[in-house]
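Protein chains: 2
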Amino acid sequence: MTLTAGGDIERLVRLLSRLPGMGPRSARRAALALLTQPQARLVPLAHAMEAAARNVRTCSVCGTLDSHDPCAICADPQRDHGLVCVVETVGDLWALERAVIHRGVYQVLGGTLSALSGRGPDDLNTRSLFERVRSGEVREVILALGATVEGATTAHWLHERLAPTGVAVTRVGHGVPIGGSLDVLDDGTLAAALSARRPA
Amino acid sequence: MTLTAGGDIERLVRLLSRLPGMGPRSARRAALALLTQPQARLVPLAHAMEAAARNVRTCSVCGTLDSHDPCAICADPQRDHGLVCVVETVGDLWALERAVIHRGVYQVLGGTLSALSGRGPDDLNTRSLFERVRSGEVREVILALGATVEGATTAHWLHERLAPTGVAVTRVGHGVPIGGSLDVLDDGTLAAALSARRPA
Ligand SMILES: [Zn+2]
Ligand SMILES: [Zn+2]
Chain A
1 MTLTAGGDIE RLVRLLSRLP GMGPRSARRA ALALLTQPQA RLVPLAHAME AAARNVRTCS
61 VCGTLDSHDP CAICADPQRD HGLVCVVETV GDLWALERAV IHRGVYQVLG GTLSALSGRG
121 PDDLNTRSLF ERVRSGEVRE VILALGATVE GATTAHWLHE RLAPTGVAVT RVGHGVPIGG
181 SLDVLDDGTL AAALSARRPA
Chain B
1 MTLTAGGDIE RLVRLLSRLP GMGPRSARRA ALALLTQPQA RLVPLAHAME AAARNVRTCS
61 VCGTLDSHDP CAICADPQRD HGLVCVVETV GDLWALERAV IHRGVYQVLG GTLSALSGRG
121 PDDLNTRSLF ERVRSGEVRE VILALGATVE GATTAHWLHE RLAPTGVAVT RVGHGVPIGG
181 SLDVLDDGTL AAALSARRPA
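Note that the protein sequences, when read in sequence, are chains A and B. All letters in the first sequence, in the order written, are residues 1 to 200 by the UniProt record's numbering. All letters in the second sequence, in the order written, are residues 1 to 200 by the UniProt record's numbering.
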């Protein structure tokens, strides 16, 4: 697009193309889709994006994303802070919150152990989980990880680490399809998986 | 996401979900992908989006998108203003510009005639094309429309409208695959199609 080098469109396409999963072609398509929006829709979106970029941070307790640290869940005295649900991603936490089936708190690992991808224990956000367990405030840890090889490996590793502390460790059970991720499940399946949890 | 109602994340997801082709799920995924970007990448993107929203407009001559009206192409005295290439979309214009094979100017129709979709002549951006042809400044009109039923119908209709004016009307020829759109073609195919143009 030599014609607009340095122009607004070229800059938008260039910045979009730096997002993960975007190539030059998908960035051009996204830019066109955005530019054909009315200004009254695009300007608020730009403002929301800037506000999110400036305000949203990782909760130092559980690892989710929120405008406050600790996050709204960790700061909520109505939630059961003795019941910690361990999930892989923020998207998984959002799925459980939408289903309104977990009244405890969370730990977001930020991924799974993976020999193939070279992700080891140090790459997981677990420090604050172990701290909370050691402090004695945690009664039960629910492992709500995906039913994948990596999820099972991670659950097994966490169970081994947590067992000596004496905390109850359970896993979500029936319902999570093999190879599936929690994020795409309907609320009913999520509820079934959570209520059918068993000792890990 | 009851937890963040009214929060930065909820607002971003809500505004993203209003974009065409976005549902609640894809908006959540897009928001998460954006929020895991460093602030140093997301803030400039938000600024670029706002600048584009405020500055980019439709060129009153050719119908493309640019920060200026007339656009950089229409305002360029180096381009051949007697040679007008008619394309369906801004994306098609960008594809031809990237290939650097057309030194004339453009007319962006903004779509095609389509009986099925109920798009008639009034839905196409043709007024400024006919004005330019009537003014006598145009020597040749190249119809660079997709090789689809709608593209062929539109080319035929334009040819019938333009023939009485005496302007030369040509079509891009070999190279545009049947059912294909110009936007996805490589530069060589685009160059072949353009140089193999023939009277319509
Ligand atoms: Zn938290
Ligand atoms: Zn123009």
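It is worth saying that the hints were derived from the structure and are not from the lab. For glycine and all other residues, C-beta sits at the position ideal for the given N, C-alpha and C. A portion of the hints provided could be inaccurate.
[As the list claims (entries may be wrong)] One-sided and incomplete, this derived list gives chain B residues near chain A with beta-carbon spacing under 7 Å:
no., residue
1, Arg11
2, Leu42
3, Ala53
4, Ser67
5, Glu131
6, Ser135
Go through the hint on Arg11/B and say holds or violated, using the shortest Cβ distance to chain A against 7 Å.
holds (5 Å)
Is the interface hint for Ala53/B satisfied, with its Cβ closer than 7 Å to some Cβ of chain A?
holds (4 Å)
Per-residue hint verdict: Leu42/B, partner chain A, C-beta under 7 Å:
holds (4 Å)
With a cut-off of 7 Å, does the beta carbon of Ser67/B approach a beta carbon of chain A closely enough for the hint to hold?
Since the shortest Cβ distance to chain A is 5 Å, the answer is holds.
Per the CB criterion, is Ser135/B less than 7 Å away from chain A?
Nearest chain A Cβ about 23 Å off; hint violated.
Once the shortest beta carbon distance from Glu131/B to chain A is found, is it less than 7 Å?
With a minimum Cβ separation of about 22 Å from chain A (threshold 7 Å), the hint on Glu131/B is violated.
Comparing the model with each numbered hint stated earlier shows that hints 5 and 6 do not hold.
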